[in-house]
Amino acid sequence: MSYFGNIYRGIKTLLTGMSVTGKYFLTSRKGAITQQYPDNRDTLKMFDRFRGEVVMPHDEVNEHRCTGCQKCEIACPNGSIEIIWDRQVDPETGKKKKMIDQHIYHLGMCTMCGLCIEACPTDAIKWAQNFENSVYDRSYLTKVLNKPGSKVKAGIED
Amino acid sequence: MNITLSITKNIHNWLFSIMPEGIASIAEMVLIAVVYLAIFAVAGLYLVLLERKVAAWFQLRIGPNRVGYWGLLQTMADALKLVSKELTGTVKADKFLYNLAPYFVIVTALMALAVFPFTQEFQAFDINIGVLFLLAISSIGVIGILLGGWSSNNKFALIGAMRSGVQTISYELSVGLSILTMVLISGSLQLSEIVEVQKNGWLIVQGHIPAVIAFMIFMIAGTAETNRAPFDLVEAESELGAGFHTEYSGMKFAYFFLAEFINMFIIAAIGTTLFFGGWLSPFGITESIPWLGVFWFVGKTLILVFLMMWFRWTFPRLRIDQLLTLEWKYLLPLNLLNIVLMALIVWLNLTIQF
Ligand code: SF4
Ligand code: SF4
Chain S
1 MSYFGNIYRG
11 IKTLLTGMSV
21 TGKYFLTSRK
31 GAITQQYPDN
41 RDTLKMFDRF
51 RGEVVMPHDE
61 VNEHRCTGCQ
71 KCEIACPNGS
81 IEIIWDRQVD
91 PETGKKKKMI
101 DQHIYHLGMC
111 TMCGLCIEAC
121 PTDAIKWAQN
131 FENSVYDRSY
141 LTKVLNKPGS
151 KVKAGIED
Chain A
1 MNITLSITKN
11 IHNWLFSIMP
21 EGIASIAEMV
31 LIAVVYLAIF
41 AVAGLYLVLL
51 ERKVAAWFQL
61 RIGPNRVGYW
71 GLLQTMADAL
81 KLVSKELTGT
91 VKADKFLYNL
101 APYFVIVTAL
111 MALAVFPFTQ
121 EFQAFDINIG
131 VLFLLAISSI
141 GVIGILLGGW
151 SSNNKFALIG
161 AMRSGVQTIS
171 YELSVGLSIL
181 TMVLISGSLQ
191 LSEIVEVQKN
201 GWLIVQGHIP
211 AVIAFMIFMI
221 AGTAETNRAP
231 FDLVEAESEL
241 GAGFHTEYSG
251 MKFAYFFLAE
261 FINMFIIAAI
271 GTTLFFGGWL
281 SPFGITESIP
291 WLGVFWFVGK
301 TLILVFLMMW
311 FRWTFPRLRI
321 DQLLTLEWKY
331 LLPLNLLNIV
341 LMALIVWLNL
351 TIQF
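If you read the protein sequences in the order shown, they are chains S and A. When we follow my numbering, the leftmost residue of the first sequence carries the number 1, and every step to the right adds one. When we follow my numbering, the leftmost residue of the second sequence carries the number 1, and every step to the right adds one.
Quick caveat, the hints were computed from the structure, so don't treat them as lab data. Keep in mind that this is a model prediction, so the values were computed, not measured. Even glycine gets a Cβ: it sits at the ideal position worked out from N, Cα and C. One thing to keep in mind: the hints can contain errors.
[Unchecked claim] Anything over 10 Å on all C-beta distances counts as not near chain A; from chain S, calculated:
(1) Arg-29
(2) Val-89
(3) Gly-155
[Unchecked claim] Derived SDA-like pairs (lysine to any residue); straight-line CA-CA distance at most 20 Å:
(4) Lys-12/S - Arg-312/A
(5) Lys-12/S - Leu-307/A
(6) Lys-81/A - Ala-93/A
(7) Lys-30/S - Trp-70/A
(8) Lys-23/S - Gly-71/A
(9) Lys-30/S - Gly-299/A
(10) Lys-23/S - Val-212/A
(11) Lys-23/S - Lys-53/A
(12) Lys-329/A - Arg-41/S
(13) Lys-30/S - Arg-52/A
(14) Lys-23/S - Phe-315/A
(15) Lys-53/A - Val-20/S
(16) Lys-23/S - Leu-307/A
(17) Lys-12/S - Pro-64/A
(18) Lys-12/S - Phe-311/A
(19) Lys-23/S - Leu-60/A
(20) Lys-30/S - Pro-230/A
(21) Lys-329/A - Gly-10/S
(22) Lys-12/S - Phe-315/A
(23) Lys-23/S - Trp-310/A
(24) Lys-12/S - Ile-209/A
(25) Lys-329/A - Thr-13/S
(26) Lys-12/S - Trp-310/A
(27) Lys-126/S - Lys-95/S
(28) Lys-12/S - Val-212/A
(29) Lys-30/S - Lys-53/A
(30) Lys-53/A - His-106/S
(31) Lys-23/S - Gly-63/A
(32) Lys-12/S - Gly-63/A
(33) Lys-53/A - Gly-10/S
(34) Lys-12/S - Pro-230/A
(35) Lys-53/A - Gly-22/S
(36) Lys-23/S - Val-54/A
Starting from the given sequences, assemble the full structure and let the hints guide the process.
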């Protein structure tokens, strides 16, 4: 009879649920996921997938991978990225070529959606895991991602 | 006056020796009321803390651990904060009823505590219809909720209060019938008498199958009665703000909050008294030391309270039609069958006695 079948199934599923949470309850002392933040400030490391802010990695010789294609600027839904670029003569080939002057990133407007990072064809920008982003004035939140004097790594555009 | 105030004979005799009889009994009642009030206000606060800790452990968190050692003073601090807060209200609220509602809820919750035998002789009010009194008192609480929801002139509060009305009236039936099942086997409505009966084995053992069914129904209906998850549509945060107490702040909110926890304690205490032998120790191991009864009583009650917390942090909230289906299509018919079964078992003497 399905009436009693329902009761049986109901009780069974409820008990299954309670055993799951019960197991969590018993093991909670070992694996609490709470970070007691200011206390463990020195040792706290964020997860790999944590989205702190957008950064542009540079290698040892101060070269980045950004070609100035502006795809990230277009992809950003709220205009957090501005690229100031220029056509300059490439010293190696002697041809004129598009190069970034400043890759400006407004952390204060960013919603951490990640679309710019998806859009970048050369993987020039990525997520950093830092989380102490508070400052005393919002103008500090506007950052220039490419370091002064840096240039694009050779061969990226090919 | 045939009220038996049997908490401590010494104070009783002392009071009667220094005062005329009438004044002495009034003084005694006031004294007991104050003691109960103090104990249960603090106990309620610590139940809140326990709930928060247990919730944290269920969710792999740590829970309050900053105020005092291990967070032990957290709820005290919360209560202090609530006392110091402004009492706000809506402009077109029905002021009289609005102010009255929290007292309905908290007073009934505290009144129900009077009839529990915490241990031998430790009972404020040993009334011979104790179980009936509990049922009657616990259904007054819902009036407070209805009044609060109605008078605060807020649609969320009103919806919450109406849901509470539906829910409490339906589930009152199941609580009543499952208690009735146990009254069949204990043969008395007086709580101290019911505990006395269980000296030959706790009622859940004596009544075996129907008692276990009655206990399950009682726990489900009792959880619904206290408006806790999974039956918390009354204050469903995601739908109604805070339900019937949306417009309350400060101490009045604290009354509702405290009443919820005291009600939870009461449901667990009824469960302990009716099914698990009240203050009796398992197998009578500490029978010679009567005051240890308090320990057993509170211990068993806390286990049942923990069970209700376990429900709360496991099950998702029911929809209103599911709630009513559960009550009217499942719990109620099962309960009626169960009563017949229990009657048969008592009639044919199939109970297990030690
Ligand atoms: S993460 Fe999103 S919002 Fe932030 S800069 Fe990139 S695209 Fe814009
Ligand atoms: S960061 Fe990537 S997408 Fe943005 S301009 Fe540079 S290369 Fe293009």
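Right, here's what the structure says about each hint:
no.: 1; hint: Arg-29; result: violated, 8 Å
no.: 2; hint: Val-89; result: holds, 59 Å
no.: 3; hint: Gly-155; result: holds, 48 Å
no.: 4; hint: Lys-12/S - Arg-312/A; result: holds, 17 Å
no.: 5; hint: Lys-12/S - Leu-307/A; result: holds, 17 Å
no.: 6; hint: Lys-81/A - Ala-93/A; result: violated, 25 Å
no.: 7; hint: Lys-30/S - Trp-70/A; result: holds, 17 Å
no.: 8; hint: Lys-23/S - Gly-71/A; result: violated, 24 Å
no.: 9; hint: Lys-30/S - Gly-299/A; result: violated, 26 Å
no.: 10; hint: Lys-23/S - Val-212/A; result: violated, 24 Å
no.: 11; hint: Lys-23/S - Lys-53/A; result: holds, 16 Å
no.: 12; hint: Lys-329/A - Arg-41/S; result: violated, 56 Å
no.: 13; hint: Lys-30/S - Arg-52/A; result: holds, 18 Å
no.: 14; hint: Lys-23/S - Phe-315/A; result: holds, 15 Å
no.: 15; hint: Lys-53/A - Val-20/S; result: holds, 18 Å
no.: 16; hint: Lys-23/S - Leu-307/A; result: holds, 14 Å
no.: 17; hint: Lys-12/S - Pro-64/A; result: violated, 33 Å
no.: 18; hint: Lys-12/S - Phe-311/A; result: holds, 14 Å
no.: 19; hint: Lys-23/S - Leu-60/A; result: holds, 11 Å
no.: 20; hint: Lys-30/S - Pro-230/A; result: violated, 28 Å
no.: 21; hint: Lys-329/A - Gly-10/S; result: holds, 13 Å
no.: 22; hint: Lys-12/S - Phe-315/A; result: holds, 13 Å
no.: 23; hint: Lys-23/S - Trp-310/A; result: holds, 11 Å
no.: 24; hint: Lys-12/S - Ile-209/A; result: holds, 18 Å
no.: 25; hint: Lys-329/A - Thr-13/S; result: holds, 19 Å
no.: 26; hint: Lys-12/S - Trp-310/A; result: holds, 16 Å
no.: 27; hint: Lys-126/S - Lys-95/S; result: violated, 30 Å
no.: 28; hint: Lys-12/S - Val-212/A; result: holds, 16 Å
no.: 29; hint: Lys-30/S - Lys-53/A; result: holds, 15 Å
no.: 30; hint: Lys-53/A - His-106/S; result: violated, 40 Å
no.: 31; hint: Lys-23/S - Gly-63/A; result: holds, 18 Å
no.: 32; hint: Lys-12/S - Gly-63/A; result: violated, 30 Å
no.: 33; hint: Lys-53/A - Gly-10/S; result: violated, 28 Å
no.: 34; hint: Lys-12/S - Pro-230/A; result: holds, 17 Å
no.: 35; hint: Lys-53/A - Gly-22/S; result: holds, 14 Å
no.: 36; hint: Lys-23/S - Val-54/A; result: holds, 13 Å
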